[in-house]
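*Asks:* Listed below are the residues making up each chain.
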Amino acid sequence: MSIPRVAALATNTVRQAVRSRLLYTLLFFGLVLIATSVGVSSLSYVESERIVQDVGLAAIRLFGVGIAIFVGVGLIHDEIERRTIYTMLSKPLSRSEFIVGKYMGLLLTVWAQLAIMSLAFLAVSWVVGAPLGWNLVAALGLVGIELMVVVAVATFFSSFTTPLLSSLFSVGIYLAGNLSRDIRSLGFQSGDAIVEFAGQALYRALPDLQSFNLTVQAVHGLPISSLEIGLPVVYGVGYSVVLLMASALIFERRDLR
Amino acid sequence: MSRGGNETMAEKNEIVRVEELVKDFRSGLSWKPKRALRGISFKVFEGEIFGFVGPNGAGKTTTLKILMGLIRPSSGEASLLGHSVGASEFRRHVGFLPENPYFYDYLTASEILEFFAKVSGVARAERADRVRTLLEWVGLDHAAHQRLRGYSKGMLQRIGIAQALVHDPKVVFLDEPMSGLDPIGRKEIRDLILRLRSEGKTVFMNTHILSDVESVCDRVAIIAGGQIRYEGRIESFLGEGERCSDVVLAGVPARTLVRMEKSFGADATGIGDRTEFCIAEKNVNALLQMALDSDAEVISVTAHRVSLEDVFLEAVHASRENR
Numbered sequence: 028m029s030i031p032r033v034a035a036l037a038t039n040t041v042r043q044a045v046r047s048r049l050l051y052t053l054l055f056f057g058l059v060l061i062a063t064s065v066g067v068s069s070l071s072y073v074e075s076e077r078i079v080q081d082v083g084l085a086a087i088r089l090f091g092v093g094i095a096i097f098v099g100v101g102l103i104h105d106e107i108e109r110r111t112i113y114t115m116l117s118k119p120l121s122r123s124e125f126i127v128g129k130y131m132g133l134l135l136t137v138w139a140q141l142a143i144m145s146l147a148f149l150a151v152s153w154v155v156g157a158p159l160g161w162n163l164v165a166a167l168g169l170v171g172i173e174l175m176v177v178v179a180v181a182t183f184f185s186s187f188t189t190p191l192l193s194s195l196f197s198v199g200i201y202l203a204g205n206l207s208r209d210i211r212s213l214g215f216q217s218g219d220a221i222v223e224f225a226g227q228a229l230y231r232a233l234p235d236l237q238s239f240n241l242t243v244q245a246v247h248g249l250p251i252s253s254l255e256i257g258l259p260v261v262y263g264v265g266y267s268v269v270l271l272m273a274s275a276l277i278f279e280r281r282d283l284r
Numbered sequence: 002m003s004r005g006g007n008e009t010m011a012e013k014n015e016i017v018r019v020e021e022l023v024k025d026f027r028s029g030l031s032w033k034p035k036r037a038l039r040g041i042s043f044k045v046f047e048g049e050i051f052g053f054v055g056p057n058g059a060g061k062t063t064t065l066k067i068l069m070g071l072i073r074p075s076s077g078e079a080s081l082l083g084h085s086v087g088a089s090e091f092r093r094h095v096g097f098l099p100e101n102p103y104f105y106d107y108l109t110a111s112e113i114l115e116f117f118a119k120v121s122g123v124a125r126a127e128r129a130d131r132v133r134t135l136l137e138w139v140g141l142d143h144a145a146h147q148r149l150r151g152y153s154k155g156m157l158q159r160i161g162i163a164q165a166l167v168h169d170p171k172v173v174f175l176d177e178p179m180s181g182l183d184p185i186g187r188k189e190i191r192d193l194i195l196r197l198r199s200e201g202k203t204v205f206m207n208t209h210i211l212s213d214v215e216s217v218c219d220r221v222a223i224i225a226g227g228q229i230r231y232e233g234r235i236e237s238f239l240g241e242g243e244r245c246s247d248v249v250l251a252g253v254p255a256r257t258l259v260r261m262e263k264s265f266g267a268d269a270t271g272i273g274d275r276t277e278f279c280i281a282e283k284n285v286n287a288l289l290q291m292a293l294d295s296d297a298e299v300i301s302v303t304a305h306r307v308s309l310e311d312v313f314l315e316a317v318h319a320s321r322e323n324r
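So the protein sequences, as listed, match chains U and G.
Numbering-wise, this note's numbering puts 85 at position 58 of the first sequence, and it's gapless, one number per residue.
Numbering-wise, this note's numbering puts 188 at position 187 of the second sequence, and it's gapless, one number per residue.
Hints listed in this document are in silico derivations from the structure and should not be mistaken for laboratory results.
Treat the numbers as computed from the prediction; the structure is a model and nothing was measured.
Idealized CB from N, CA, C, for every residue including glycine.
Any given hint could turn out to be false.
Chain U regions said to be covered by chain G (calculated; three or more residues, Cβ under 8 Å) [unchecked claim]:
no. : region
1   : 97-111
2   : 116-122
3   : 195-203
4   : 239-253
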């Protein structure tokens, strides 16, 4: 794997992605939702600052994931559709490097959007007098790791199927990933060995996206242990690496007609 | 069918070697695959311009995609510079211009060449010089900082050739390099291809424009219906080639016409009561005798050499008959 080649591809992917109107539309609505959280919080008599932060963090997660999936699924497909991939793969660039380059470019784009939304969120929190602390930074950091996994999921599906199917599959995995702990619990509660095994297997296969959600701790000022940050980071990076390896393996065998 | 010349190539280095290559494609819900390549074999030697000629859908682009590692063969072997086409590292010696290329049109000419130079592993110290030299070489130095979305088709084709050369490859593959260009654009690309040969590069060119093949290629292979129909040096078509004749007859009875087509393997073209045959020179006397025996009238006999177009049309015709 050549770092300069991957870096060149990632940089170009960022330039490609920032030309997407969809990206700006989603970013705009994300910022609007963060801003309007002030209005939503005014409907409550108590803890209005916490509502601002609750809504703000939810908006960041939702629109971050939207950008990751809906911008991400088109990137590889566009390269094939416009045949730019033919020129690219005729160079001494392996298909694995291509996948990793596209992934890194998309991840940098998504992280840049996350940074913009986070700044807006912190500004709104500061304006309404909500507490600002390291807990919030940790929660936003784990949203970044969650997006790393979601971008890997989008890249995985777009390595072998169309943008429409990739979007559907990625949204499905995102929803199931947020419920994977519940699926496991249901298995345990069923009392049936097969259902329990199936629940456990699904939990292992699906990304445990709830492990990246520190909203409650951040908003309510609860203590966050280093394990609560460290383990999800290791898990997120590991899960993404495995998905990228699978994407590269599938893409390696794909006929680019 | 080979038209000779291969023995003189024996001592030259093989750049491309294709052996019994087969490619099947599955389409839609059909279980029966469509066979695009039916066991083709050919070689390309160092320093030559090789024309890979065929009608649309003959299998040219499929072959090229296999050579570029974009699709996998169903069976058979293909190697470039002695390496199996599946590998990627040796590709630093290979340049490729796809058909109707699309480049990131938000980049300028120098930015796109810089990008491809990075992807191709050109050392940082050499990149700027290489980009400048190439832009001059393809005559686009004046438009180096113009975004590609403002480029004409001819300019895009030239930037396509420049990107194929950015890492100074030994062999360059061009897929339909002159299609869709005006006469001036075609001449410019033709001149660039000839310059590549003079610089010692091997050029593999996919095309269906026969005049371009005649003007630049050293050797040619004709593919039709997924099979190689002819392979040989271009001179064998243009100079020392087999002679043939156009024979125009009038009033040929239908039964004789069928007999003539069967005996000489030639298709007759009818215009009014006149019938035109294009047959090998050695068969002319027999055909005339048959015509006179059936009281037909001989209007004209015109001898000419077999052109690349004749061979091409014959190959296409044969492939349709074999379907």
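*Asks:* If a hint holds in the structure, say so; if it doesn't, say that too.
*Replies:* So, going through the hints one by one against the coordinates:
Under a criterion of three residues with beta carbons nearer than 8 Å to beta carbons of chain G, the stated coverage of the region 97-111 of chain U is upheld, 3 such residues being counted. Residues of the region 116-122 of chain U lying with their CB closer than 8 Å to a CB of chain G number 7, which satisfies the three-residue condition for coverage. Taking a C-beta to C-beta cut-off of 8 Å, the region 195-203 of chain U contributes 0 residues in contact with chain G, too few for the three needed, and the coverage statement is violated. With 0 residues bearing a CB less than 8 Å from a CB of chain G, the region 239-253 of chain U misses the requirement of three and the coverage assertion fails.
Of the hints listed earlier, those the structure fails to meet are numbers 3 and 4, in rising order.
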